[in-house]
Amino acid sequence: MRVSQHHKRNIRARRARIVVVSLLGLLVMVFFRAQVYRASDWGLQADSNRLRPLTLPPPRGTIRDRAGRPLADNTTGYSVSILSASPDSMMFSLNRVREHLEIGDRRLASALRQIENRSPRPILLSVDASFDAVAALEERGSVFPRLLIETRPKRRYPAGEVGAHIVGSVGEINQQELESEQFEGAQPGLIVGRSGIEWQYESILRGQPGVRYVEVDASGRIVGSHRGFRRVEEQPGGDLDLHLDLDLMEWIHHIFPEGLGGAVVALDVETGGVLALYATPSYDPNVFAGVVDQEEWRRLSQDPANPLFNRAITAKYPPGSPMKLVTALIGLETGVIHPTDRMSVACNGGYNYGGRRWRCWDEDGHGSLDLAGAIKHSCNVYFYQVALRIGLLRMLDRVNRMGFGGTCGVDLPGEAAGTYPEGPEYWVRRYGYRPREGEVLNLAIGQGPIAQTPLMVAQYFLAIARDGSAPSPALYRDAPTTEGFRFEVSQENLEVIREGLRGVTQAGGTAYLSSLEHFEVLGKTGTAQSVEGSPNHSWFGAIVGPRGGPPEIVVVALVQFGGSGSQVAAPLVSKTADFYLRGQHGIPRDTIQTLREYFQVGRNTAWALPANE
Amino acid sequence: MTLDLPWIRHWRFTACLLLLCLFGVAMIYSAGVKNIPSPSLERIWIRQAVVLLGSIVVLIVLSRIPARWFEWMAMPLYIMSTAVLAVTLVVGTGSGAAEGVRSFIRIAGFQFQPAEAAKVVTALALAKLLAGQREGPAYLRDLVKPMALVALPLALVVLQPDLGTALAFIGMLFAAIYWAGTSWQLILFAASPGFALILSFDTRLWSAYIILLVVALYLNRYRLYLVESLSVIIANLAAGAIAQPLWNSLAQYQRNRILVFLDQEIDPQGAGWQLLQSKVAVGSGGVLGKGFTLGTQKRLNFLPEQHTDFIFSVVGEELGFLGTSLTLLLFGYLFFRMIRMAEGLDPFAGLFIFAILGTWLTHVIVNVGMTIGVVPITGIPLPFISYGGSFLLMAWVAAAIIVTMARDAR
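Going line by line, the protein sequences match chains A and B. Under our numbering, the letters of the first sequence match residues 2 to 614, in that order. Under our numbering, the letters of the second sequence match residues 2 to 411, in that order.
Errors might be hidden in some of the hints.
DMTMM-like cross-link-like pairs, simulated, lysine to aspartate or glutamate; straight-line CA separation at most 25 Å [what the hints assert, rightly or not]:
1. A:Lys-317 to A:Glu-426
2. B:Lys-146 to B:Glu-136
3. B:Lys-35 to A:Glu-271
4. A:Lys-317 to A:Asp-412
5. A:Lys-9 to B:Glu-344
6. A:Lys-9 to B:Asp-264
7. B:Lys-35 to A:Asp-42
8. B:Lys-146 to B:Asp-347
9. A:Lys-317 to A:Asp-269
10. A:Lys-317 to A:Glu-484
11. A:Lys-317 to A:Glu-296
12. A:Lys-9 to B:Asp-347
13. A:Lys-317 to A:Glu-423
14. B:Lys-35 to A:Asp-48
15. A:Lys-9 to B:Asp-143
16. A:Lys-9 to B:Glu-136
These are computed hints drawn from the structure, not numbers from a lab.
Next comes chain A alone, as it looks inside the complex (with noise of 0.2 Å):
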């Protein structure tokens, strides 16, 4: 038999080892391939295979006012999301959860589209959920295997409904933003400043979101801690110092008149810096803090009241009288009045130009008076006659330069314009015809084709105040300061001026009732025409600090069909002005503070005296 012939058999248990020794050997080559040369590849992909990246959102800043109080701050949250598995058994899971926890429309169509898309980061079915709800799916941990129930920083607005306006809110960064250059790398579920001073100050306020894993199986499951391990830490957004004064803001919450709608605007007068912007009405700012709650957001949005509206910033009213220091203002500069003029045709309680009589608010008439008198008086006649010598076309340009068309420039988003004809062209454009000669004098009675913020009268003011000029209002007390407005106006004639307003709450003058003991108030009143047949817009504005001192303050309040300027606008604004500089100078706090308040009450007010005239 060959088997046994030695010879051929050694030859063929030598081939036979080349066959084990080349088949094995091309494995250990096949081998050494993967775990040698391509090992870190492997290696990376067992990892993400083992390893869910989630997001850790950062803390956003903290919000505080001039003395450190919060408008906003944070608090803990809870969010619920489901890890990346099949889209069969994420589906499933989706579906568990809704028996406990309500996912709202949008969520769960983005939802859905993550699992279909097979996103490797777990999917957020809620930002802000309820401690019954997340109890509820804690307690049914065991069904729910792939759910990841987190705690994140919940936005909280201690203010409430006092800073809503101020703070704005917050909202889940959506779809487009996602997609979008500025928040490039940002993650679902991102809290992002959606109005108000969150918006303006996003970037400071944000944050950087940090990255931990968490180990999960081949179905998706958690294993292990639930903590993970972090890689990157989150970095808290920085804290904003606002010149605000909250305790301010609620003492103007407190004394405003109620159910009326309107807004308070006070400033400081050294820096700009905005001390109060209130507005009412307004809502609580804590139902938007996490999830939008799209039921609220339909009942406020409809709410006939509107109190998502900023009516300090947003909403304009014809300034009415307010306006007349402008026409003075230009008329002293143009060189057509003198301070101690009077006009040719005293008041009777009309003037007769155009062939029609244009009234004066006083229909018995303030008869003959020199500047001062006519702003402590708010004599229309007085200042038609102004308005005359300067003419339409140059009222119109002045007051454009002064800035009257544009925004004041405030660090908050959603400012208006103020609305004043540009030109000519505007009547054309609008109404259909050139205007006639007359309508200046509308204008310089602040009526007619004119509406203004109560924060753009506010900042006219603060440059009245000022030397002529005034900073934009600034919230953030880091906010870069620009120039907001100018008068081009001598030293002088602004004195002239200031004496005019000092005069309107002296005895005789239209605000003499909300005088203040310690502090000096110069003011005007306004009366602005409001819907046909409403009451009207109720305005006072004024530059406020310690008597024979510079001033310090200045205070516009504006309120919505509250009738007169004097009954309503200017206690409003006395009050608000002294509660601020009663605080800045160590007296003690009172709540009897104007001048009505002390005779009501009886007190002496020898303080008041009468105006030497």
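Since the structure of chain A is already known, use the hints to place chain B on it.
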């Protein structure tokens, strides 16, 4: 009674086998260490260890039997085991992941895979058949009997269906006829229908192959009778013709395994999942591995069948290239020892050793190859290391027969 125990005389062979088996128990232990507790898998290493102990007892007992007895018993055992295989098709049950197949027989709480015994018994019968021929197979007709001998249990195994074991039978057949002295040309002609089957997916490639075959047959005309040449051609044509129906008759998962093998990037979440995860496990092990029991792919359930068919992926992940190459080296050493023993023994013993070598080598190449994607995924255990009592026991029975033969040859 002397102290000349055969398994001690051939201690290098026995020790190498024992080392592989102990390594296997350790890897089965590691396969059970997971982050997701699975009590049934945590303890199976104990069962494997118990079977190993029992196997060694069997080795000691069997090695007292005279080697001749195995030769006498070869054919009766073959008939018996083939009958049991046939019975298995009727009363057999599945087990574990192979739930749907009929490959186990349960008796009194024990379950056993008759196919494993059939491999050893068929190897004995094959050795006996080939050793009984005065000359080595010189013509194809000399191969008909051995082929038929193997084809019977092979067909029964395919019907279970267990394609992995079927491959092992083919490996056994070719190793044995090679050692019997068959020329490599004849072996290739015998294997040629297999190539035709594989190449038939492309008609032009297949046609070229048939032409090549005809040319080769012409050049080797003195080795084959004309009838044989014609038979080879007909077999090849038939293989090409049945390829499509055969493909259609495959189960979907079997087709997927072949499709994934051909394009390993496809369907990573579905059909390609097992292979991808195995490659990730092996590749991420790197040079030194993640450490014994510390493989993340294994711990977190990414690896399929980690204690049986894919245990080599656990070796790769936890012990790295060092572990995989040393394991393959150990297998190489074992096979070299077997070749050395076959060289010095009588034809029956040598043929039996080669038949077993062919079986084990097929298991190692296919199992290790599939974990890295060079062979399509086939349900086939890694000898001595994968969890499975029948294989282990029968491997030691084969070892016992080998050392007994080596003793009695003296």
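Legend entry - Pair hint Lys-317 (chain A) and Glu-484 (chain A), alpha-carbon separation not exceeding 25 Å: holds (22 Å)
Inset, instruction - With a cut-off of 25 Å on the C-alpha distance, tell me whether Lys-9 (chain A) and Asp-347 (chain B) pass. - result: Holds - the C-alpha atoms of Asp-347 (chain B) and Lys-9 (chain A) are around 14 Å apart, at most 25 Å.
Legend entry - Lys-146 (chain B) paired with Asp-347 (chain B) [C-alpha distance capped at 25 Å]: Judged against 25 Å, a Cα distance of about 21 Å means the pair holds.
Inset, instruction - Verify the proposed pairing of Lys-9 (chain A) with Glu-136 (chain B), using a straight-line Cα cut of 25 Å. - result: holds (13 Å)
Legend entry - Pair hint Lys-317 (chain A) and Glu-426 (chain A), alpha-carbon separation not exceeding 25 Å: Answer holds: Lys-317 (chain A) to Glu-426 (chain A) is near 22 Å, not above 25 Å.
Inset, instruction - Would you check the hint for Lys-317 (chain A) and Asp-412 (chain A), treating anything up to 25 Å between C-alpha atoms as holding? - result: holds (18 Å)
Legend entry - Pair hint Lys-35 (chain B) and Glu-271 (chain A), alpha-carbon separation not exceeding 25 Å: Since the Cα atoms of Lys-35 (chain B) and Glu-271 (chain A) sit roughly 70 Å apart, the hinted pair is violated (cutoff 25 Å).
Legend entry - Hint consistency between Lys-317 (chain A) and Glu-296 (chain A) [alpha-carbon to alpha-carbon, up to 25 Å]: violated (29 Å)
Legend entry - Pairwise hint evaluation, Glu-423 (chain A) against Lys-317 (chain A), where the allowed Cα distance is 25 Å at most: Given pair Lys-317 (chain A), Glu-423 (chain A) holds - Cα atoms ~17 Å apart, limit 25 Å.
Legend entry - Given hint Asp-42 (chain A) paired with Lys-35 (chain B) - CA-CA distance at most 25 Å: Judged against 25 Å, a Cα distance of about 24 Å means the pair holds.
Legend entry - Pairwise hint evaluation, Asp-143 (chain B) against Lys-9 (chain A), where the allowed Cα distance is 25 Å at most: holds (19 Å)
Inset, instruction - Sort out whether Glu-344 (chain B) lies within 25 Å of Lys-9 (chain A), counting only the CA atoms. - result: The given pair, whose Cα atoms are some 10 Å apart, holds under the 25 Å limit.
When each numbered hint is compared with the structure, violations occur for hints 3, 6, 11.
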